[in-house]
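S.K.: Got chain A; can you put chain Y on it based on the hints?
Residues per chain are reported as follows:
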Amino acid sequence: MGASEGQKRVLLQGNEAIVQGALAAGCRFFAGYPITPASEISEVLSVRLPQVGGTFIQMEDEIASMGAIIGASLAGVKSMTATSGPGFSLIQENLGYACIAEVPCVVVNVMRGGPSTGLPTSVAQGDVQMARWGTHGDHPIIVLSVSSVSECFSVTIKAFNLSEKFRVPVIILSDEVVAHTRESVILPQQSEIQVFDRITPSVPPEWYKPYADNNRGVPDMSAVGDGYRHHVTGLVHDERGFPTQQPKEVEQFLNRLHSKITKGFNEIVVTKSFEMEDAEICVIAYGSVARSAMRAVRDARAQGIKAGMVQLVTLFPFPRKVVDSALRQCKTVVVPEMNMGQISREIHRVNQAGTRIIKHNRIDGHLITPNEILKYLLKV
Amino acid sequence: MLEPAEIIRQEYLRHDKKFPHVWCPGCGNGIVMNALLRAIHHLELPKDNVVLASGIGCSGRLPTYVDFNTIHTTHGRALTFATGVKLARPQLSVIAVMGDGDATAIGGNHFIHAARRNLNLTAIIINNNTYGMTGGQYSPTTPYGSKSTTSVYGHVEHAFNIAELAVVAGASFVARGTVYHTTHLRTMIEQAIVKRGFSVVEVISNCHVQHGRRNKLGNAVQMINSFKENAVQVNKAEKMSAEEMRGKFTIGVLCDVEKPVSTEEYDRVRLAAQAEANRIAEEKAKNGVKRYEE
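Those protein sequences? They're chains A and Y, same order as listed.
Once you know that position 261 of the first sequence is 261 in my numbering, the rest is easy, because the numbers rise by one and skip nothing.
Once you know that position 184 of the second sequence is 184 in my numbering, the rest is easy, because the numbers rise by one and skip nothing.
Calculated from the structure, these hints are not laboratory results.
Be aware that one or more of the hints could be misleading.
DSSO-like, lysine-lysine: derived pairs with alpha carbons at most 30 Å apart [as the list claims (entries may be wrong)]:
no.	chain 1	residue 1	chain 2	residue 2
1	A	Lys321	A	Lys263
2	Y	Lys228	Y	Lys216
3	A	Lys209	A	Lys260
4	A	Lys209	Y	Lys248
5	A	Lys272	A	Lys8
6	A	Lys321	A	Lys165
7	A	Lys8	Y	Lys286
8	Y	Lys248	Y	Lys228
9	A	Lys165	Y	Lys47
10	Y	Lys284	A	Lys8
11	A	Lys272	A	Lys248
12	A	Lys260	A	Lys331
For reference, chain Y alone in the conformation it holds in the complex:
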């Protein structure tokens, strides 16, 4: 019998795709991809029914390597393409994979509106605090004071908290995980995919090459270990003081609410529209009144 890793490799990677991938050794993106594939495998979603959309950047390359319906869109626009696919074929599982700059800078407007709109979509945002592919410029999640290739004197702006942004924008389900807590990450992604409504998983990841190196955060292993040290489960964090939480962040489910899903709501719109069309047709037939039609 095949080992699980072997099953994942054989079943879900695109073997006709020219590997190796573009990611640097030690990059967290592979860990996220692995967690996503295992989540889909565990949920037994047929590959034909999975749509993976991504934007631009290192995270944007993820769909290239996996054997689903994959759409590598323009920078920041993954959720807009995903919206079109989902509305056209609501039975498909549509997942958007984005980076921090992708989802919250250039795609920030689409992100908050997708959350507000509450289509049944899943958004996975890999947050590595930088624009890695273009050479390490500061992103909306680059911490205050950090160095980057566009903030060599220290960053003077303040960072977004992506998961909390998703909560206040109205997402039905919001979770945060890290590339250290791989099993936890898989279960967060599974819950997000199963959830009816717009669901978000923010994944804290490492870019030791661009972000870590400039800020003396160590190599890949050291950075990933720091996630272990600084991540606090949501329920535990509630009992901790602000002082105790300094430099730490929460992981787990931040928000899980039930609200009407707009894909299904639109079915009601169709019924109402068809009833109205029928009523007009009947009225016309009865009265012989010529009126603006169709």
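If we strip away everything but chain A, and leave its shape as in the complex, we get:
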């Protein structure tokens, strides 16, 4: 496929494509701490951000990186950090702050083998449930995944847009294979890219209530220094932003935090289907494993097996509608993952039809191959 007028064909690494996507989405602040296999994101942004008038800073740790991007976002600048497992553990504290104070920001976690220092240069998908539940307390959050270099670009833009629209942190789960794979991709022109910016208040400052509900369930957000002086806190707060323990106000506030994501479900959830029209057996996969799964489905089709694949781009909120219909359509569903079954448990949860679910788990630091998946498809 050739690039048309104005488009650019470039050879990029997954981590570099995340940088391109972030810049295209309007990211102008990045704080990070060196960690394999995410460091290229920091390195390239330290070159690119000052070129476009943005700011790069290397902080003393990931806790500080997360704090800094929240501060910059409160000051009206789209912000991002990128890390891997050990750093992802450290960002969890302030990630909860971004949830409760409704501060848009994007966190990239390039997954490597764990737990702890684990396998720093090997691939894994062990942080899936952590991305959803890592920070304490019931909290809303959006988790997206990427399986290719071109998705690194497009999903990063999507992450910024959702984050700005719903005032919620968005996590991008990449993995070591996607991050370090180099592929030729066609980047669209900036004018073709849809960019969403947070909605700022239109009322005069004296009328502004920073956490008041509205028909979107997402309050208008003013930037620090724009004349709308208000209080931001990690305590549960009332619509003026001040701490409250009134049961009614607490319940209203926390319900709104969750319902804004429920209301936006259809816009947030992205999945891709491949050969699913007449599929009798399907693979549900995400991240780099989805690439192996697609190849396995092609090979199975070549041998006359009606196989298909559903790729989950959004992991949380969990795409239950699409998964449910795949479970109803197919007799068997194969779920290959580079963990002990963190998404297959979600699929079990929505399995109302009693469909057979086969887990395939690989945790040795290597990518699941197409042949491993094909074996299951041929058995049926």
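M.R.: Leaving out everything else, chain Y in the frame of chain A:
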């Protein structure tokens, strides 16, 4: 004409906020807040341009009551949020208010790195030698031998000297004041805000409820009076022997140096980066060479 106290109350307190505040009667935090408001008033900083960030603890509640852009962050992290705000909007006056445990235990790493980094930020650390809000546990500044709810047999660790820590970590301006010397405290805070670079004011304060009571240091008045008796101006302390300084501490400006401010340094980085981007674009246009771009 309004009295100054009345001006401060009307102009800077949040009247729509549910008072009373959370602080115990006699707490030094109110005195620090008063000194800070008077410093900002005296410097005529527009309220829209002032950002107050705090951590967790009794000191963390301070921004709630005052009418600026206020951010009550997580425990120990005020300086990290302040760093993000300052880099995003360098024209704002960003002030972080922290406690001793907040700034030097859980936030100790952020504190020394903020000093080393030398952004144009102001840090005010209220040092009351204890974790007051959680019930009086020992903090990094609890004196050796003191009693606390987690050192009932006497504290076996040694205390940080916060101001000296800031000096060696590379802060541009470091001062110490007390809640007894209120006018002096105001001028220290003013100098810290005006100073270009990372500036620190350590404020010796009293927690008679948690620290004082367990160590027989008296009530609020007695504790605050002890600051008057034990505080020695820096220039006077230089002429005193170690024996004479026993049990006493210095107040005043401990360090005031000029060094490049990283907020402004980064403008140079932007210029260099833009020049490099232009050079690559020109080279590409001239040679028609396709190379990795953007």
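S.K.: For lysine 321/A and lysine 165/A, compute the direct alpha-carbon distance and say whether it is at most 30 Å.
M.R.: 22 Å, holds
S.K.: For the pair supplied as a hint, lysine 272/A and lysine 248/A, confirm whether the alpha-carbon distance does not exceed 30 Å.
M.R.: 41 Å, violated
S.K.: Holds or violated: are the alpha carbons of lysine 321/A and lysine 263/A at most 30 Å from each other?
M.R.: 15 Å, holds
S.K.: Between lysine 228/Y and lysine 216/Y, is the straight-line Cα distance small enough, at 30 Å or below?
M.R.: 18 Å, holds
S.K.: Within 30 Å, alpha carbon to alpha carbon, are lysine 209/A and lysine 248/Y?
M.R.: 48 Å, violated
S.K.: Lysine 260/A and lysine 331/A: Cα distance at most 30 Å?
M.R.: Given pair lysine 260/A, lysine 331/A is violated - Cα atoms ~35 Å apart, limit 30 Å.
S.K.: Checking one constraint from the list: CA of lysine 8/A to CA of lysine 286/Y, max 30 Å. Satisfied?
M.R.: Judged against 30 Å, a Cα distance of about 19 Å means the pair holds.
S.K.: With a cut-off of 30 Å on the C-alpha distance, tell me whether lysine 272/A and lysine 8/A pass.
M.R.: 24 Å, holds
S.K.: Hey, lysine 209/A versus lysine 260/A, does the alpha-carbon distance stay inside 30 Å?
M.R.: 18 Å, holds
S.K.: Does lysine 248/Y pair with lysine 228/Y here, judged by a C-alpha cut-off of 30 Å?
M.R.: 10 Å, holds
S.K.: Sort out whether lysine 8/A lies within 30 Å of lysine 284/Y, counting only the CA atoms.
M.R.: 14 Å, holds
S.K.: When you check the alpha-carbon spacing of lysine 165/A and lysine 47/Y, does it fall within 30 Å?
M.R.: 29 Å, holds
Of the hints listed earlier, those the structure fails to meet are numbers 4, 11 and 12, in rising order.
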